[in-house]
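S.K.: Residue numbers (the working numbering), protein chains in the order written: chain A, 181 to 461; chain B, 181 to 461; chain C, 181 to 461; chain D, 181 to 461.
Incorrect hints may have been included.
Same chains, same label: a pair holds when it works inside one copy or across any pair of copies.
[Said to hold, decoys possible] Listed below are the simulated BS3-like cross-link pairs for lysine-lysine, each with C-alpha atoms no more than 30 Å apart in a straight line:
1) Lys205 / Lys186
2) Lys457 / Lys205
3) Lys386 / Lys187
4) Lys205 / Lys187
5) Lys383 / Lys187
6) Lys457 / Lys186
7) Lys386 / Lys457
Read the hints as simulated data drawn from the structure, not as lab findings.
Number of protein chains: 4
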Amino acid sequence: MSTDDKKTGRARGEEWWTTKIIEMKPGMIRLRGYAIEELIGRVSFPAMIWLMLRGELPSEEQADLLGIALSAAVDHGPQAPSIAIARMAMTCGVGINSAMASAVNVLGDVHGGAGEQALAFFGDIAAAMDAGHALEAAAAARLDRFFAEAEGYVPGLGHRFHPVDPRAPRLLAVTRDFAGRGVVPGRFADIAEAVEAGVERRKGKKIPLNIDGATAVIYGELGFPPPLTRGLFVLSRSVGILAHAWEQSQQGERNKGPLPREWLWAYAGEPARDLPKAEDE
Amino acid sequence: MSTDDKKTGRARGEEWWTTKIIEMKPGMIRLRGYAIEELIGRVSFPAMIWLMLRGELPSEEQADLLGIALSAAVDHGPQAPSIAIARMAMTCGVGINSAMASAVNVLGDVHGGAGEQALAFFGDIAAAMDAGHALEAAAAARLDRFFAEAEGYVPGLGHRFHPVDPRAPRLLAVTRDFAGRGVVPGRFADIAEAVEAGVERRKGKKIPLNIDGATAVIYGELGFPPPLTRGLFVLSRSVGILAHAWEQSQQGERNKGPLPREWLWAYAGEPARDLPKAEDE
Amino acid sequence: MSTDDKKTGRARGEEWWTTKIIEMKPGMIRLRGYAIEELIGRVSFPAMIWLMLRGELPSEEQADLLGIALSAAVDHGPQAPSIAIARMAMTCGVGINSAMASAVNVLGDVHGGAGEQALAFFGDIAAAMDAGHALEAAAAARLDRFFAEAEGYVPGLGHRFHPVDPRAPRLLAVTRDFAGRGVVPGRFADIAEAVEAGVERRKGKKIPLNIDGATAVIYGELGFPPPLTRGLFVLSRSVGILAHAWEQSQQGERNKGPLPREWLWAYAGEPARDLPKAEDE
Amino acid sequence: MSTDDKKTGRARGEEWWTTKIIEMKPGMIRLRGYAIEELIGRVSFPAMIWLMLRGELPSEEQADLLGIALSAAVDHGPQAPSIAIARMAMTCGVGINSAMASAVNVLGDVHGGAGEQALAFFGDIAAAMDAGHALEAAAAARLDRFFAEAEGYVPGLGHRFHPVDPRAPRLLAVTRDFAGRGVVPGRFADIAEAVEAGVERRKGKKIPLNIDGATAVIYGELGFPPPLTRGLFVLSRSVGILAHAWEQSQQGERNKGPLPREWLWAYAGEPARDLPKAEDE
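Construct the entire structure; sequences and hints are all you get.
M.R.: Have a look at this one:
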């Protein structure tokens, strides 16, 4: 951060918290330069999200497409750690915001990072295309590098539970529709399909695009950088987290554990033993 | 929770995590009974939020009004503890979801609860009206009770910083507009204005509606119960939290403290002293 | 907080963060007036905890008794939401501090507040004794009030799982031992037993002291105020939370859900249904 | 995790939560094989921490040394994000456990990871010594590699605020004392000093050991693996976090921001501007 080291006192304190997002005086709130009372009622919630993150307003269609991606990943049920934790927390005597915090807090590299990884992967291919390579060659080169370096699934493909994740083909079709109307270029949709095809050639079977890959396509089309997609996923999943926390709060449980109350857990450690005699015994 | 105590084994385990929100099988995801691939592209993000929380789809206009309320409270700048914490956390080497969690976690009774309190207050007046009392009388009776029991501001009125919060009159005007089109009854807008007027009569000066009161009006018009408004505020403020966390991550700071790096804090405790001699010295 | 409103600039900023706990200059750290290098190696960890919370050093025996109470409540297994959440979080790709945070965050009024409630209850009886009432009468009066106002268990008594919690009688015996040596008065141990006896007279069966009641006895003997006992419980349970998070990290799981991976959850909501036709269809 | 896939029903559910830490039945709690009522009053709090994390009891002297390291890092004042966040959170209307959670949550790679990095660095040198290299050569080789790969400070050395961190030399002296009594080998103390000397030779000035380096020495002497040192730091710093949260709760502030209430923040973004005309205007 470029700070003016010559400032002192209150000006220096206020400079410490510089931001380009919000300007405020008594009776005045501006977001990214727009008066809040002008924004209210004029821009949709996804457009407000865009404005806050990007600094400029999207077109109405761009905001619609962002909203579609945000809507797609709101919930994947209580076997997901985030959702289970929201429900458990809600029975422990904390506010609904704290239950949501404990849940959001686990959307880490593994639980929340797949979209970011997928978009970075697709972005590498886009960069190769910018440098003059054809789509298929760029995808093949990136896959070669992936299989040389890593094991397991290519980012954005495959699902341990769904043979085909029903969200992915629908999101891709929607993206194609928006591309057809000129809202987005459609390039990341092409890339995702080229990756899918390249994997199928290598593996001899199709490993279909999953929700993380499909939302990465949309976020890429809309110009979001990969690390922001984790944040967008947090906004999206927070909806399911809130819904489950709320549903749980309407039931009467206390200190809900992971297993039915009358069950325990398996113990696999040291058998019963006595404390060693104290040194002075 | 009504549990069937006769179930055992896997069925009992699965019953332990019963929900009415999401149904899943391999290749199938349904939210509130709707196939996810049907929802995607057909419902807006605010409509999805509504569906998840309420169990039924809203009308398009209801969803629009919900989105307007969600958009209005996204940010109030880094003097708000939630926003400051998001920025500080982001410099400590954690993921953006964890920075958001630390921030969301402080939207408690004081920082995040004012809307809930305002809606409960307005709801008491609505209940009195349902029982046959006229608006002004119902508001006056509730205010009498408030001033007999409590000190300080009536929930939903007044702001320590803004003489008039620019969001509140705009949100009220928007609500009136939606009421004029028959989307909502307009009753909570009436109640809020009656409360404002009643306070002015008592205090001799106007204590205007604030953002919490104004969003409480909308959430009340739309039929949300008071405790859910805290959850909705979390969804809304999470946008600002993400925007500030993201902006902070683009700068190079490490372990950002509350004051400029070269400042300290005032110490007001015991002066320097020696440890007491050990008992065996 | 008494702030000197005449201060300005840096002095005002530093005053904003006034504390009596720690004084620092380059090369100097003092806790409660003691130089850190004097404290290191001279005071035990429980004594340091006491110093930080109370402002003065305890005797060695007081610190020992505090350490005993802290040791007793470190773990109650993965059916406790806090422990389960620590383990689940650890499989989601976050740091061990974040896994601990999600877990500590659920030690709320229900999961972490029983000790505070028990000490407040015992403290009411102690206050009545200070006002001249005999132990048994003071306990009976408090219990009368409890049963007139509330349902369920008296704070500090009873356990849904353990007929007798093995920690409680042992902690009480230890307290008696310290009281015999004059370290503590033994008064809260008397009060807890009087409460136990009073409940037995009313109910016709013994509802024995639990871990929360037993640690409340010790914290009361040592002079901690009730709200601080929740904080002490956090320090204690953090040990078990860390142990389980660490054990989990040594296994290879990803996104550990509450139920075995091949299980699901029961769905009890709306059956499959079609989206309503859009208004313009 | 090796799971017996042939188990079904309740046994499978209980196996899903297998642990070697705690065994429980009604009326029975065993930690690492020891009955809890045997442990209570017989082992110190640091010994309990060791038992939970390592699976075996330490000697009394090992526990003492662990307690010394835990005591040294409890607080570094409210300019540390963790401490500031605890204080801010406490004014927002959440429980003390939630204030602690928001604070612990920021002890990430940057704010809480330096000890882990230092111990890993020292451990590389120890491994080279195990492979037959002399101390000085092993340290020099590791430093060569560090300066070839990275910029900035060698892990465990240097402090932005303290010319010499007063905790570090004292902790090193204590370690030497324990080594002299045969409690620990003293090898990590040697390594730390060799690293310090090696850096001084390269830089021409001494960059002294800091608190992270000094506690890493002790944790290394005691045989803790690097990733666990972050967890130990969380236990340690939780004490200061609790002390500051508690002190803050005794004052009457609400929604404490980072700067004095009457200050704001600097705005560096877009100047005021009007919304673009809607497409249908």
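S.K.: If a hint holds in the structure, say so; if it doesn't, say that too.
M.R.: Hint-by-hint comparison with the structure:
1. Lys205 / Lys186: Both ways: Lys205 and Lys186 sit 24 Å apart in one copy and 23 Å across, limit 30 Å.
2. Lys457 / Lys205: Intra 70 Å, inter 26 Å, cutoff 30 Å: inter-copy only.
3. Lys386 / Lys187: neither (61 Å within a copy, 32 Å between copies)
4. Lys205 / Lys187: both (21 Å within a copy, 23 Å between copies)
5. Lys383 / Lys187: neither (62 Å within a copy, 33 Å between copies)
6. Lys457 / Lys186: neither (66 Å within a copy, 42 Å between copies)
7. Lys386 / Lys457: neither (63 Å within a copy, 35 Å between copies)
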